[in-house]
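Trainee: With chain A fixed as given, assemble chain B onto it according to the hints.
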Amino acid sequence: MNAVWTIAKKELQSYFDSLIAYILLVLFLGFSGFFTWLFGSDIFLVGQASLQSFFSIAYWTLFFFTPALTMRLLAEEKKTGTIELLLTKAVTDRQVVLGKFLSALVLVMIALFFTFPYVITLSKIGNLDAGEILCGYGGLVLMSAAYISVGLYASSITNNQIVAFLLSLSIGLFFHIIFEVLASNFTGFLAQLFTTLSLSNHFESMSRGVVDSRDIIYFGSVIFLGLFLSELSLTKRNLN
Amino acid sequence: MNIQIENLTKQYGYQKAVDNISFEVKPGEVLGFLGPNGAGKSTTMKMITGYLSIGEGDVRLGGKSVRDHSDDLKKHIGYLPENNPLYLDMPVIDYLEFCAALQGMTKSNIGKRVREMVSVCGLNAEKHKKIGELSKGYRQRVGLAQAMIHDPEILVLDEPTTGLDPNQIVEIRKLIRELGKAKTVVLSTHILPEVEATCDRILIINKGKIVADGTAENLRKQATGQEIIKVRIEDAGADEILHELRRMKSVDLVELVDKNLNRFEVQSASGQSSKREIFNLCVQKNWMLSELIPIETRLEDIFRNLTMK
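Protein sequences, first through last, are from chains A and B. All letters in the first sequence, in the order written, are residues 0 to 239 by numbering that gives the first Met the number 0. All letters in the second sequence, in the order written, are residues 0 to 308 by numbering that gives the first Met the number 0.
Read the hints as simulated data drawn from the structure, not as lab findings. Please note that the accuracy of each hint is not assured.
As the list claims (entries may be wrong) - In the BS3-like style, the derived pairs of lysine-lysine whose C-alpha atoms are separated by at most 27 Å in a straight line are: (1) B/15 - A/78; (2) A/78 - B/128; (3) A/8 - B/229; (4) B/74 - B/129; (5) B/182 - B/208; (6) B/229 - B/25; (7) A/8 - B/74; (8) B/15 - A/77; (9) B/129 - B/106; (10) B/284 - B/229; (11) B/74 - A/235; (12) B/135 - A/77; (13) B/220 - A/77; (14) B/106 - A/8; (15) A/8 - A/235; (16) B/206 - A/235; (17) B/173 - B/135; (18) B/74 - B/126; (19) A/77 - B/128; (20) A/78 - B/129.
Next up, chain A with everything else stripped away, as it sits in the complex (with noise of 0.2 Å):
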């Protein structure tokens, strides 16, 4: 456990220094902001003081920043061989990936904490369902956990920053809306493997406060296929 803090310390570490922790705060707060204030559906047009909208917005923008938060943890390792160097240390495969995991978890948990004062002004407004909001970050958690992890094996499978990151966006296309749109295609058992497949109806139902254990079994088994197959390719290097 140890080992998995110093290296997700060190990513952590190395996403202040490189800008990539700033620059994707300033713009994930200023769209969600944007968004949720100021334009679109936003609360005062809705006119409820649910954080509904910003749920919707965070859900899109959490997509596209964690393939790019994901994309360099392990395809720049590989590239630079500094992976050789990484896992001769007194380390697994296994606490390797999971620190990287955590290194980008912790940087959205981040993020969504500033989002923190838009929760204190809606209190203001009006009566907030708190159950509501816990229910609705955890889906955020859950969400961008799940995308970090399927972000993370793309990075583990090529040498190439750019192609991790277009590869985790085109996997994570398919939960994000293609399931979706193939589940209403179909009809009878397909369509109900396409629903269960489809992230965002899972996210839905948990951003309205509902919390199904199916949810959560849910968001667990993509992150564990994800984080399994990620230590699986790094293992796979006395393959080739």
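Mentor: Quick look at chain B alone, frame taken from chain A:
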């Protein structure tokens, strides 16, 4: 901790990178791993350090197999990979602290040990710079510092002196020699004088197979077999001297190298030395023996002989 390598084999596709090699390195020994590019040096080192899995055979460190105990054994190994990859955007001190923490050192030890390595490797003036700003030689020192940071019992160094200037090379060699007194060191190189200067034992590998194993002197003896000396004799004609030399019992072959200067190359019969007989000849004939130089086979020649086949 010793290193035992038993019938180690590693295959990439159809190509055998390492082909059934076995050797042992004991604590207090510095083993030089020599071989042309692509001979399998790095692959072997990667298997020792647990980066690559073992194909066939086994690597044992202190009696424990790397196959089963890879994760426990890693903290006893200090490794400097080929081309010395480093995180270029990290400051030297942060990087060393990161490496120490990964090796499982406690927080109180890390600071002390990092300061120690910084001074041992001569990084004091550069310690707050980012690694990317350092010259190649200083980067190499950082690479060595991270390998030794946790005071490992085994050091595996893949071409440790590339990119260093001659002064630094001498310092690093001295450092390796000193470390080698207590630790088990394996280093690879293709700089031949370096092996002679730092290593107790030399292992030459070619196309995945061990072609020579022994000390530098041993290898020389094996390679030469027959003594070769350069002789220059004055006060007589070349032909006469040539004739007399050829008549000697202990001489196998004589070659006239330079007719004007009366220089000859004499190869003694195997197992014998012709020096005394040549000297006696000169005394008897009242010639002046102005040069008598034994030719040592250079390590380069041995290396070329063994690896060009």
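Trainee: So, for every hint listed, does it hold in this structure?
Mentor: Results of checking the hints against the structure:
| no. | hint | verdict |
| --- | --- | --- |
| 1 | B/15 - A/78 | holds, 25 Å |
| 2 | A/78 - B/128 | holds, 23 Å |
| 3 | A/8 - B/229 | violated, 66 Å |
| 4 | B/74 - B/129 | holds, 26 Å |
| 5 | B/182 - B/208 | holds, 26 Å |
| 6 | B/229 - B/25 | violated, 40 Å |
| 7 | A/8 - B/74 | holds, 20 Å |
| 8 | B/15 - A/77 | holds, 24 Å |
| 9 | B/129 - B/106 | holds, 22 Å |
| 10 | B/284 - B/229 | holds, 19 Å |
| 11 | B/74 - A/235 | holds, 22 Å |
| 12 | B/135 - A/77 | holds, 21 Å |
| 13 | B/220 - A/77 | violated, 45 Å |
| 14 | B/106 - A/8 | holds, 15 Å |
| 15 | A/8 - A/235 | holds, 26 Å |
| 16 | B/206 - A/235 | holds, 24 Å |
| 17 | B/173 - B/135 | holds, 19 Å |
| 18 | B/74 - B/126 | holds, 24 Å |
| 19 | A/77 - B/128 | holds, 24 Å |
| 20 | A/78 - B/129 | holds, 19 Å |
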